[in-house]
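Residue numbers (this note's numbering), protein chains in the order written: chain A, 1 to 161; chain B, 1001 to 1161.
I should point out that these hints are in silico values taken from the structure, not numbers from a laboratory. Check each hint, because a few of them may be wrong.
Stated by the list, open to error - What the simulated footprint calls covered on chain A by chain B, stretch by stretch (three residues with Cβ under 8 Å from a Cβ of chain B suffice, anywhere in the stretch; the number is not a length):
1. 87-99
2. 105-111
3. 146-154
Claimed, not checked - Negatives, chain A to chain B, calculated, CB over 10 Å:
4. H17
5. Q33
6. K74
7. G131
Claimed, not checked - If you want the ones that stay clear, here's a sample from chain B, every Cβ over 10 Å from chain A, calculated:
8. Q1065
9. T1078
10. R1091
11. P1096
C-beta atoms are modelled at their ideal positions from N, C-alpha and C, and glycine is treated no differently.
There are 2 protein chains.
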Amino acid sequence: MVETPRAAPPGRACPAHDLGIVDGLVQLSAIVQAVLSRVTAGADLSVQQGRLLSILRDREPSMAQLARLLDLDKSSTTGLVDRATQRGPVRRFADPEDGRSFRVVLTDDGRRLTEVLGNEVAREVAALTDGLSDTNRHRLSLLAGRVIADAAVARGIGLSA
Amino acid sequence: MVETPRAAPPGRACPAHDLGIVDGLVQLSAIVQAVLSRVTAGADLSVQQGRLLSILRDREPSMAQLARLLDLDKSSTTGLVDRATQRGPVRRFADPEDGRSFRVVLTDDGRRLTEVLGNEVAREVAALTDGLSDTNRHRLSLLAGRVIADAAVARGIGLSA
DNA sequence: GGATGTAGTACGTAGTACGAACTATCTGGA
DNA sequence: TCCAGATAGTTCGTACTACGTACTACATCC
């Protein structure tokens, strides 16, 4: 794994702060995760619980769909939903069309909490790019979007999934 | 937290795949973490264990320095190093200059493993950008580096720490 | 009606993180 | 030289997370 900065490859001038694409993405990812961790901890939640709430803001997935969206094993998803249900922001209800299946939804408290969390995450993550010009921020946004789209294709998941 | 794509702000054309800077960074971060998770799982390690080995490739920090580098509580660092020591790639030795302090280093096995892991992470993370042109890949690298540098300054950590 | 497949859970195991409380060692000032 | 205060690190309790295996309940299809 790469955690320490290394020299740029030969043949290209290396401006200050260019860690290379690999180190750059790994450290950027760690920074974003740290922001998510701090914001969710402020609401006494874990990062995964925050991801769960975020997914539930605009859909009511089954456990199986949730597992796919979160890229988790079914048993891990059961545990995550169990703990979130115990804490209150989430609940299950039986799928009227399939006796085996449950749907997972936000409670009223959960919806309010998710709104507050979403706003705070948006603020803190956006603040990471305060040092960039608007043009550069937009470029970063576009480039990130392309990497995300390619990764989704590679995983066989359309963006509308 | 933001997990689902949303519409672009008004006033700017929205190219395909632009999720906005916040969603873009959050989802990009999750994708990179997923790559790290798969690569380290292949070596029967966790992501945090991989980060630990990576840090130890070019330094011999104390527990306190490690905790700061990993952004963890001292007790969490103790646990992480305990488990890594039990598995073999890492060991502690007493600091000759401070009787309270330990240094954490890679064992020979750990050094070999870290080399293999580092190469594989580099390959898989770089592959995330296969869909970008060289120019765009370099731009992403530069932008990531700037965000990282700003975040380091904000945390009071020089890049040479 | 029964074999097969699917949805989800229970269990065991290992890893992770933090806060409080503790012990051992170091430092600086009286 | 000694001691109070600070530092380094660990232990403990608690909660969260993840996976693989095995299981039960329900759905589907022949």
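*Within 8 Å of chain B's CB atoms, at least three CB atoms from the segment 146-154 of chain A: coverage verdict*: holds (count 6)
*With 10 Å as the threshold, tell me whether B/P1096 passes as away from chain A on beta-carbon distances.*
25 Å, holds
*asked:* Verify this label for me: B/Q1065 is non-interface relative to chain A, using a Cβ-Cβ cutoff of 10 Å.
replied: B/Q1065 clear of chain A: closest Cβ-Cβ about 13 Å, beyond 10 Å.
*Minimum Cβ distance from A/Q33 to chain B greater than 10 Å, as the annotation requires*: A/Q33 is in fact no farther than 10 Å from some Cβ atom of chain B, at 6 Å.
*Claimed clearance of chain B by A/H17, with the beta carbon kept past 10 Å*: About 4 Å separates A/H17 from the closest Cβ of chain B, which leaves it inside 10 Å; violated.
*Verify the coverage statement for the segment 87-99 of chain A against chain B, using a C-beta to C-beta distance below 8 Å and requiring 3 or more qualifying residues.*
n = 0 at 8 Å, threshold three: violated.
_Quick check: do three or more residues in the segment 105-111 of chain A have a beta carbon closer than 8 Å to a beta carbon of chain B?_
Coverage by chain B is violated for the segment 105-111 of chain A (0 residues, Cβ < 8 Å).
*Hey, is A/G131 genuinely clear of chain B, shortest beta carbon separation above 10 Å?*
Incorrect as stated: the minimum Cβ-Cβ distance to chain B is 4 Å, not above 10 Å.
_For B/R1091, is the shortest CB-to-CB distance to chain A above 10 Å, so the non-interface label stands?_
B/R1091 clear of chain A: closest Cβ-Cβ about 19 Å, beyond 10 Å.
*Does the claim that A/K74 lies outside the interface with chain B hold up, using a Cβ gap greater than 10 Å?*
For A/K74, whose nearest Cβ neighbour in chain B is about 17 Å away, the distance exceeds 10 Å, so it holds.
*In terms of Cβ atoms, is chain A entirely out of 10 Å range of B/T1078?*
Per Cβ check, B/T1078 is outside 10 Å of chain A; nearest 19 Å; holds.
When the structure is compared with the earlier hints, violations turn up for hints 1, 2, 4, 5 and 7 and for no others.
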